[in-house]
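Let's have the full structure, built from the sequences with the hints guiding it.
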Amino acid sequence: MASAPLLSLAIWVPIVAGLLVLAIGKNEGGQGNAHVRWIALGGALLGFLVTIPLYTRFDLQSSGFQFTEKEIWIERFNVFYHLGVDGISVLFVLLNSFITILVVIAGWSVIEKRVSQYYAAFLIMSGMLNGVFSALDALLFYVFFEATLIPMFIIIGVWGGPNRVYAAVKFFLYTLLGSLLMLVSMLYLYNKAGGSFAIADWHKLPLPLDAQLLLFFGFLFAFAVKVPMWPVHTWLPDAHTEAPTGGSVVLAAILLKLGAYGFVRFTLPILPDASRELAWMMIALSLIAIAYIGLVTLVQTDMKRLIAYSSVSHMGFCTLGFFLFNAYGVEGALVQMISHGFVSAALFLCIGVMYDRMHSRAIADYGGVVNTMPRFAALMMLFAMANAGLPATSGFVGEFMVIMGAMKQSFWLAFVAASTLIFGAAYTLWMYKRVIFGEVANKHVGELHDLNWREMLVLTALAVATLFMGIYPVAFTEVMHASVNDLLRHAALPKL
Amino acid sequence: MTAREFINHMLVLPEAIVLFGACVLMLVDLQVKTERRIGSYRMALGVLAAAAAATLFMLFVNGSTKQYLFHGLFVADALSHLLKLVCYASVAAALIYSRQYLLDRDLLRGEFITLLLFSLVGMMIMISASSFITIYLGLELMSLCLYALVALNRDSALSIEAAMKYFVLGALSSGLLLYGMSMVYGATGTLNIMEVARVTAQLAGAASDRTFLVFGLVFVVAGLAFKIGVAPFHMWIPDVYHGAPTAVTLVIGSAPKVAAFAMAVRMLVNGLPDLAQDWQEMLAILALASMAIGNITAIAQSNLKRMLAYSTIAHMGFMLLGLLSGVIGGNRLSMDDAYTAALFYVIVYVIMSVGAFGMLLFLSRAGFECENLEDLKGLSKTSPWFAFVMLILMFSLAGIPPTAGFYAKLAVLSAAVTAGYVWLAVAAVVLSLVGAFYYLRIVKLMYFDEPSDSPRAGAVAPAHPELQMRVLLSANGLVLLLFGIAPSMLMNVCFEVIKAL
Chain B
1 MASAPLLSLA
11 IWVPIVAGLL
21 VLAIGKNEGG
31 QGNAHVRWIA
41 LGGALLGFLV
51 TIPLYTRFDL
61 QSSGFQFTEK
71 EIWIERFNVF
81 YHLGVDGISV
91 LFVLLNSFIT
101 ILVVIAGWSV
111 IEKRVSQYYA
121 AFLIMSGMLN
131 GVFSALDALL
141 FYVFFEATLI
151 PMFIIIGVWG
161 GPNRVYAAVK
171 FFLYTLLGSL
181 LMLVSMLYLY
191 NKAGGSFAIA
201 DWHKLPLPLD
211 AQLLLFFGFL
221 FAFAVKVPMW
231 PVHTWLPDAH
241 TEAPTGGSVV
251 LAAILLKLGA
261 YGFVRFTLPI
271 LPDASRELAW
281 MMIALSLIAI
291 AYIGLVTLVQ
301 TDMKRLIAYS
311 SVSHMGFCTL
321 GFFLFNAYGV
331 EGALVQMISH
341 GFVSAALFLC
351 IGVMYDRMHS
361 RAIADYGGVV
371 NTMPRFAALM
381 MLFAMANAGL
391 PATSGFVGEF
401 MVIMGAMKQS
411 FWLAFVAAST
421 LIFGAAYTLW
431 MYKRVIFGEV
441 ANKHVGELHD
451 LNWREMLVLT
461 ALAVATLFMG
471 IYPVAFTEVM
481 HASVNDLLRH
491 AALPKL
Chain P
1 MTAREFINHM
11 LVLPEAIVLF
21 GACVLMLVDL
31 QVKTERRIGS
41 YRMALGVLAA
51 AAAATLFMLF
61 VNGSTKQYLF
71 HGLFVADALS
81 HLLKLVCYAS
91 VAAALIYSRQ
101 YLLDRDLLRG
111 EFITLLLFSL
121 VGMMIMISAS
131 SFITIYLGLE
141 LMSLCLYALV
151 ALNRDSALSI
161 EAAMKYFVLG
171 ALSSGLLLYG
181 MSMVYGATGT
191 LNIMEVARVT
201 AQLAGAASDR
211 TFLVFGLVFV
221 VAGLAFKIGV
231 APFHMWIPDV
241 YHGAPTAVTL
251 VIGSAPKVAA
261 FAMAVRMLVN
271 GLPDLAQDWQ
281 EMLAILALAS
291 MAIGNITAIA
301 QSNLKRMLAY
311 STIAHMGFML
321 LGLLSGVIGG
331 NRLSMDDAYT
341 AALFYVIVYV
351 IMSVGAFGML
361 LFLSRAGFEC
371 ENLEDLKGLS
381 KTSPWFAFVM
391 LILMFSLAGI
401 PPTAGFYAKL
411 AVLSAAVTAG
421 YVWLAVAAVV
431 LSLVGAFYYL
441 RIVKLMYFDE
451 PSDSPRAGAV
461 APAHPELQMR
471 VLLSANGLVL
481 LLFGIAPSML
491 MNVCFEVIKA
501 L
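These protein sequence lines are chains B and P, in that order.
Sequential numbering of the first sequence, starting at 1, is according to the working numbering.
Sequential numbering of the second sequence, starting at 1, is according to the working numbering.
These aren't lab readings, by the way, just hints derived from the structure by calculation.
The beta-carbon is built from N, C-alpha and C at its ideal position, and this holds for glycine as well.
Not the full set, but computed from the structure, chain B residues with beta-carbon under 10 Å of chain P:
| id | residue |
| --- | --- |
| 1 | M128 |
| 2 | G157 |
| 3 | G160 |
| 4 | R164 |
| 5 | F172 |
| 6 | L187 |
Listed next, the in silico DMTMM-like pairs over lysine to aspartate or glutamate satisfying Cα-Cα at most 20 Å (straight line):
| id | chain 1 | residue 1 | chain 2 | residue 2 |
| --- | --- | --- | --- | --- |
| 7 | B | K113 | P | E450 |
| 8 | P | K499 | B | E75 |
| 9 | B | K113 | P | D449 |
Have a look at the derived ranges for each label pair, beta carbon to beta carbon:
| id | chain 1 | residue 1 | chain 2 | residue 2 | range |
| --- | --- | --- | --- | --- | --- |
| 10 | B | M381 | P | G420 | 58 to 64 Å |
| 11 | P | A486 | B | L45 | 26 to 32 Å |
| 12 | P | D104 | B | G161 | 39 to 45 Å |
| 13 | P | M164 | B | I72 | 49 to 55 Å |
| 14 | B | G195 | P | L137 | 37 to 43 Å |
| 15 | P | F70 | B | Y81 | 46 to 52 Å |
| 16 | B | T56 | P | S474 | 39 to 45 Å |
| 17 | P | G329 | B | Y81 | 34 to 40 Å |
| 18 | B | I72 | P | G329 | 29 to 35 Å |
| 19 | B | D210 | P | R198 | 41 to 47 Å |
| 20 | P | E111 | B | G161 | 51 to 57 Å |
| 21 | P | A486 | B | P231 | 38 to 44 Å |
| 22 | P | A300 | B | I72 | 40 to 46 Å |
Below, the structure written as structure tokens:
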């Protein structure tokens, strides 16, 4: 077991399970679906189990890549099937595998049409996402990065809301534009590095500033669209609103992290000079996302749209943290990414719970839900607080660290960043108040029934994660230390 | 004839088999009285199998050595063997895919099979040509058969119009090509490709002869562009693709592209490498124009065949990216990589094109042509498996991993970036984004829309075609996925072949 290819398992177990589900679940709506669900759950659980040793056996002292696997893949282009994780990426593999289980359970009774295709899409996507986080070869990264578009496109388009086609196509084209420009940048680097797609080689590659600046923008398009940063965030509210609950969860919890992860894996270490040169721009864009989008969030009338905009605002913290070039900033940003993975997933699930019962996402259609769904109201309260950044929840840790990092640079930077604590509290709690508290608004709300055991299980798991991360964040940050310090050392060296 | 000479003449064995087979088939078919023409059909497949066996035999015996025959008019090398194999496969696929379609329309006549085999002979001659005159002969043989095939459905005004257009424009392009060849002959005094290369290398310094040569080159490239179908010489493509019976569109859209690629390699890469700077610039303009016109115009099409026609134009533009990136400022180091990319692109494109048109044939049936976008509505409901195959085909055409189309794009883009055409690569990716839109639209129609209730609707539920068609079509799609996950095999083969060029 010591030398088991854990990362390959993390990638291929869900994919194989997905294909299996696709293969057996032919009869729509018939008896076959019960098997499909259990197999999907089995695949997701197994996929999560194989990632656990990644955490327990992780060497905290090492800043290098661990659990590496390397096989030649495409000889002509010198491409390797090269996997490995460091302190930055390992947590995302775990997060992704964890969220996949929840998504499978959350869709258990909700999804009735094309069940096998639904589960197959999620499982295959889950495997590919693990691939993105563990790829050490740029082309392998790219293949996984872009391949995730296909299942997500299908998920939004097939199981989405009324405007799903528009949202799916917008999502796909936006993201594809970004990734194609990244592909050209990668080919340029491949060429400069003497025919190597190894990310580690690129880290060492000296590059003149003008080339770095051009490459920076090439990568920026890809990652900024994914994060998403202002002003290329407009696909996100549409995609989130129209996607089925599971789709929104994966989109918010994992897919958005790809962009931010790309900054840490590619932009900062490969283009350190350009990153420092353009840090002002990135910081400015992040602050706009935090403050301006925070205000935009306030006026949303659709709950899913509200959480989608709040995601943009929270992800602004991540990009802000990265471009502060200090350990607080970068670690804070990474913590924020994971915390956002829990919290936004939970909030989308909460909205999904209500939507399944009422078939409406409009805040105005709700009111007084606490009267009929007290357990749900309590859990959602926790997630709302976490979204607002209340201490002792995971939301606080990341934001606090990033604000500390910002404070080291300038007071005003920290001041604007901290405005999120006000806006965040305002939009989340105001929404919570309008939906949950007060008198029962209409007879539909009066007929609501509280959480069933499956919903309870999913939300409780996330609640535990949120609280654990808020109370004992060291469990997460200790994994990152060595790699983040190494990254910062690397980013500080000029490579002109 | 000595034994040695006889063995040498074995090199044309595949051509001989197909030619002889086609002649015999023509006679035998006169005796076939049944509608279904099982005999002719099986015999044609048999001929293809025999030719493939002969070619494989050559490949094993000769490996990558290059052998000339008929005083340098004919060449047998690894490239010709590989491209011929691709041609056999796509012609065989065309036969299998189109059988039911043609039967339903009462078009499965002996002419179809015979002309198909004769056009294959033309392609094989083009592929193995080592003289401008052989290229021209092969080209005409192929083209004349294809003109007739387009008019196969002689009761359809659309078909006749398409055939007319194809014929007139084809004749014009042949004229251009011939004119260019005569210029090259005037400048170099020879039509043999190797000789042309030798003489141009010597002439490279002399300004006056060079002008003459470049003048000829312009016409050669223009003629070539017509045949490959790149903008601004693409006008015939949409009309012909649209007008021809889908079975014939499949034929035109697949193997002839391979032959045209071979023609480009023989004439430009083998024959005029010293003018690379000149023709690369011309190809760059053609490539950019095709990618732009092809991708942008395809969006506006509601007819699937026209859409795929414009997509072909765009794809051929992409393929040119590889061809035009070989020589960098007189430096030929990256030549192999660049031409490997183009070769890989052509092969992958042919697989995709055969699959896409095969799907249209599959979904058509008696009295119904599957040719409008709406006809694909809700396919994932009525036929999930084939909707999935079409999904792979579309994502491959759009160049999204993990499909073979992605590596084809990657290879040519990488070649272009290596050659310093970064602007062209950026333009290419932006235009391929435009292209992604219309491929996505098909996926959208198949997966997101409900089957329509219009009278045309039942349309989407395929009739039950023969087993071999289902199997082949599935394999066709899966091969793209296979090459998407393990592209190495095909890439290595392409590289070996180009290295031996």
